[in-house]
Amino acid sequence: MDQKPKILIVDDSAFNQEMLSEILEEQYEIIKADNGFEGLQVVEKDPHGISLILLDYYMPHMNGFEFLKIMKQRGWLSQIPIIMITAESDGEFIDQAYGYGIFDFIVRPFNVSIVRHRVENTILAHAKQKRLQYLVQKQVKEQGKQSDMLINILSHIVEFRNEESGQHVLNVRQITKVLLKKLTEIDPQLKLDNETIEQIALASSLHDVGKITVPSKILNKPSRLDPEEFEQIKKHAKNGYDILNKVPNYRNEPLMIVSKQIARWHHERFDGSGYPDGLKGSEIPISAQVVAIADVYDALTMERVYKKAFPPQKAIDMILNGECGCFNPLLLQVLKDPTVQKELKEIVQMAKMEVISDRREFLDLCTDPILTPSLRDDFAAEALDLISKRDQISYTFYSEKTQEIRFEISLDPMFLTISSSMAKKYEIPSSILDPQHDPLLLEKLGKENIDRILHEIECSKGKEDDIDFNFSTEHGGEPHWWRIILHPLYHEKDPKDVRGYLGLLLDIHSQKMTHEMLERSASIDELTGLLNKNYTQIQVKKRLEEADEMMEYAIAILDLDFFKNANDEYGHAFGDEVLAYLAKRIQGSIRKLDIAGRIGGDEFLIMLQYPGNLETIMDRIFHTISSGSYKGFPISISMGVASTEYIKRNFDDLFNVADFMLYEAKRSGRGCLKIYKGE
Amino acid sequence: MYTLKDCFKELGGSYEEVRKRLPSDKMIVKFLKKFIDDPSFASLQEAIQNKDREQAFLAAHTLKGVCQNLGMHDLYMQANQLSDLLRHEWDEQGVLVFEETVPVYERAIQAIEKI
Numbered sequence: 001m002d003q004k005p006k007i008l009i010v011d012d013s014a015f016n017q018e019m020l021s022e023i024l025e026e027q028y029e030i031i032k033a034d035n036g037f038e039g040l041q042v043v044e045k046d047p048h049g050i051s052l053i054l055l056d057y058y059m060p061h062m063n064g065f066e067f068l069k070i071m072k073q074r075g076w077l078s079q080i081p082i083i084m085i086t087a088e089s090d091g092e093f094i095d096q097a098y099g100y101g102i103f104d105f106i107v108r109p110f111n112v113s114i115v116r117h118r119v120e121n122t123i124l125a126h127a128k129q130k131r132l133q134y135l136v137q138k139q140v141k142e143q144g145k146q147s148d149m150l151i152n153i154l155s156h157i158v159e160f161r162n163e164e165s166g167q168h169v170l171n172v173r174q175i176t177k178v179l180l181k182k183l184t185e186i187d188p189q190l191k192l193d194n195e196t197i198e199q200i201a202l203a204s205s206l207h208d209v210g211k212i213t214v215p216s217k218i219l220n221k222p223s224r225l226d227p228e229e230f231e232q233i234k235k236h237a238k239n240g241y242d243i244l245n246k247v248p249n250y251r252n253e254p255l256m257i258v259s260k261q262i263a264r265w266h267h268e269r270f271d272g273s274g275y276p277d278g279l280k281g282s283e284i285p286i287s288a289q290v291v292a293i294a295d296v297y298d299a300l301t302m303e304r305v306y307k308k309a310f311p312p313q314k315a316i317d318m319i320l321n322g323e324c325g326c327f328n329p330l331l332l333q334v335l336k337d338p339t340v341q342k343e344l345k346e347i348v349q350m351a352k353m354e355v356i357s358d359r360r361e362f363l364d365l366c367t368d369p370i371l372t373p374s375l376r377d378d379f380a381a382e383a384l385d386l387i388s389k390r391d392q393i394s395y396t397f398y399s400e401k402t403q404e405i406r407f408e409i410s411l412d413p414m415f416l417t418i419s420s421s422m423a424k425k426y427e428i429p430s431s432i433l434d435p436q437h438d439p440l441l442l443e444k445l446g447k448e449n450i451d452r453i454l455h456e457i458e459c460s461k462g463k464e465d466d467i468d469f470n471f472s473t474e475h476g477g478e479p480h481w482w483r484i485i486l487h488p489l490y491h492e493k494d495p496k497d498v499r500g501y502l503g504l505l506l507d508i509h510s511q512k513m514t515h516e517m518l519e520r521s522a523s524i525d526e527l528t529g530l531l532n533k534n535y536t537q538i539q540v541k542k543r544l545e546e547a548d549e550m551m552e553y554a555i556a557i558l559d560l561d562f563f564k565n566a567n568d569e570y571g572h573a574f575g576d577e578v579l580a581y582l583a584k585r586i587q588g589s590i591r592k593l594d595i596a597g598r599i600g601g602d603e604f605l606i607m608l609q610y611p612g613n614l615e616t617i618m619d620r621i622f623h624t625i626s627s628g629s630y631k632g633f634p635i636s637i638s639m640g641v642a643s644t645e646y647i648k649r650n651f652d653d654l655f656n657v658a659d660f661m662l663y664e665a666k667r668s669g670r671g672c673l674k675i676y677k678g679e
Numbered sequence: 001m002y003t004l005k006d007c008f009k010e011l012g013g014s015y016e017e018v019r020k021r022l023p024s025d026k027m028i029v030k031f032l033k034k035f036i037d038d039p040s041f042a043s044l045q046e047a048i049q050n051k052d053r054e055q056a057f058l059a060a061h062t063l064k065g066v067c068q069n070l071g072m073h074d075l076y077m078q079a080n081q082l083s084d085l086l087r088h089e090w091d092e093q094g095v096l097v098f099e100e101t102v103p104v105y106e107r108a109i110q111a112i113e114k115i
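Chains as they are written, first to last, in the UniProt record's numbering: chain A, 1 to 679; chain B, 1 to 115.
Read the hints as simulated data drawn from the structure, not as lab findings. Mixed in with the good hints, there may be bad ones.
Capping the alpha-carbon separation at 30 Å, the derived lysine-lysine pairs in DSS-like fashion look like this [as the list claims (entries may be wrong)]:
| id | chain 1 | residue 1 | chain 2 | residue 2 |
| --- | --- | --- | --- | --- |
| 1 | B | Lys20 | A | Lys4 |
| 2 | B | Lys33 | A | Lys32 |
| 3 | A | Lys463 | A | Lys512 |
| 4 | A | Lys461 | A | Lys444 |
| 5 | A | Lys4 | B | Lys34 |
| 6 | B | Lys33 | B | Lys9 |
| 7 | A | Lys424 | A | Lys6 |
| 8 | B | Lys34 | A | Lys32 |
| 9 | A | Lys424 | A | Lys72 |
| 10 | A | Lys6 | B | Lys20 |
| 11 | A | Lys4 | B | Lys26 |
Chain B on its own, in the form it takes in the complex:
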């Protein structure tokens, strides 16, 4: 049986930590499921392709906040790195970091879909 605890292990986070902040499993599951439809990753992808620094930064920043709230630690670290990188000006390294981010994102989506 796949539990929330297992799910958070795959996300690189800790169920216990999240459970302290968010009052019920029901709410945790609800928002994890909602994350699947969150447009910030798609927006980030588009912005990186277009080298649109501002959009990329805003999307990475939003993604970072969402991951932080949901205890999705691995993806949070990626988004954090990207938003720091693109805060002031375009940095070519952002493309590389984004490429690393793609599998982390896909793993997170799979982990959530299993619930």
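Excised from the complex, chain A in its bound form:
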């Protein structure tokens, strides 16, 4: 660990770079960058490895402030302190620079001693600040964790008796949080700060604490409860309140007050129809109102001994329809919000990730760059190394095997970074400033694709969804297919303000080609090249669904007369030849837009839209097909036709009637056409 701390000098003048290195190189390892962009590349490679940046302001391409903006967007500014070097002494400039997050200034002309001291102090002060931050965070986390833990134990005891997994308590807590957050957004009068919301959410864990007093054979009864049993269950609300009320010492703690409200009144309903006290409207504390909805929602979406799980949307509809009692209209409005619905849906899935998020939290702690070695030990630096190395390996492995290109875009100014292995593979730099004007990128992706991406970014503003679409690039004159997914990243302070995107570029070409090929081969009859039976049906149904009400359509079914003879006399190979020949004639008798398919051995279907007289048209088609011979075998067909003039616009009906008419044609001596014209 006796490595020298690293200092990055970003300055376009080699002279200035050298002067600063001369002053600092004894104590520090110096990395030089000729402009902001080069500086960003250095930081991007190893944001934790740099202890300080010395930054010039006037530089070509990107000035010092633009550099600071990107540093901030990427979250590097909080990692690395920056000292700006300048001859400017104008107050506005200085304020602006501090506003962009610089740590300090060094003013020209340099005084060597001042430079040395300021650099040293800045590195120490920054480390100290980080360390303090960490200690405070750690303490807060510890305290929070302990009360959390006790409440969890308590609520789990209740759930354990309830023969439930403990998931319910966790879910209600999260749902409560989601609902409260949205509620404070839409109701300006309700002033709940984050801390209060957390508190109510935590208190919600104890909503069913009174169930400890209900006999477990009633709690876990799989069949319907009789009225007396139901009365027993109902007592849990009041009993929960009493239990909490008897806890000595903490009576006036806000957490205790909220817990009691929730325990007692989470079965009250807005119209006064709930229990135990029949409170109405705003008599019910908002905490209990919210937990009541959270409780109902989770109960609906989870499987219980007495019921199956409802899908999330169904559960929400049931609550909105009043099937679970009457709730505050404002809360129902919250429930209608699409982002709330999405979050509620995710809560169940998120609960499964619990184990993983624990590890994340651990990582968060470990990656806090603390300089003091003794603290490092605290964080099990070794474990961190192992985990991050493993993450690194798996990351590289998956991205190589799946051929994904991972990247990140910062906006304003636009700055793109690409995973290095992929950048190497596609021969592009791993970081690009102003990517929309980069000649190499324009060449590789094509201007229209870059414009499309920018357009989609523009259109997605204000929406939370990922941007996801396919596009093709030209590769040796042929299109090559890609899928791009962009996930918006928001400013910490303003969640509506997108600061950039995480991106994934997938090579879907072979997948798409295989898919298209499969679809084609799955839809075509190999022998005749017409549509196969299955696909004929799909296409006809689709055509009927999209059909213009004013247009008339007809379905014709035909088969080859005496086909059995061809097979018997000349063999199956000849039979196949005849069928292929017939298919060609069918194809030649209809228009490109019409549908023709082989639906059985020697049975074919034609669907067409017709203007005017059906009989004339069908007659022409019939005679075009049914004439001449193939290698001495006479081509004669029987054909039945049904049309939407007389039959409902429905595949089965049209098909059955046409089939029946075919049968009629055969019965009346074959080689003829029968069209259905009503009874």
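Given the structure of chain A, go ahead and fit chain B onto it with the hints provided.
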């Protein structure tokens, strides 16, 4: 005997002032000598010829900072004037100021080369 003190007199600066900021004569001499190879003056000249405001400003600004650090007061004043003039837009007067700057620069180079 030509001393650093004499040199700074010719540069319009003060050896004592510089000596307060930079810790040793050795370092002062090293960077003065380095100044001879510094490309910012050449870049300034090229930019003025091409009327390239941005390049001219950046070069003048760099030159100004370097001169300031080395206590080369006369050239610093010229560079300062140029960078103020060209900070926002092209100013024809910049050409005149630059012409005045050329002899100041040459004098500075000669003063340094004598060390």
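Here's how the hints hold up against the structure:
1. B:Lys20 to A:Lys4: holds (28 Å)
2. B:Lys33 to A:Lys32: holds (21 Å)
3. A:Lys463 to A:Lys512: Between A:Lys463 and A:Lys512 the Cα gap is close to 28 Å, so the pair holds against 30 Å.
4. A:Lys461 to A:Lys444: With a Cα-Cα distance of about 26 Å, the restraint between A:Lys461 and A:Lys444 holds, given a limit of 30 Å.
5. A:Lys4 to B:Lys34: holds (27 Å)
6. B:Lys33 to B:Lys9: holds (16 Å)
7. A:Lys424 to A:Lys6: holds (27 Å)
8. B:Lys34 to A:Lys32: Holds, at about 18 Å.
9. A:Lys424 to A:Lys72: holds (27 Å)
10. A:Lys6 to B:Lys20: holds (27 Å)
11. A:Lys4 to B:Lys26: holds (25 Å)
In summary, the structure agrees with every hint in the numbered list given earlier.
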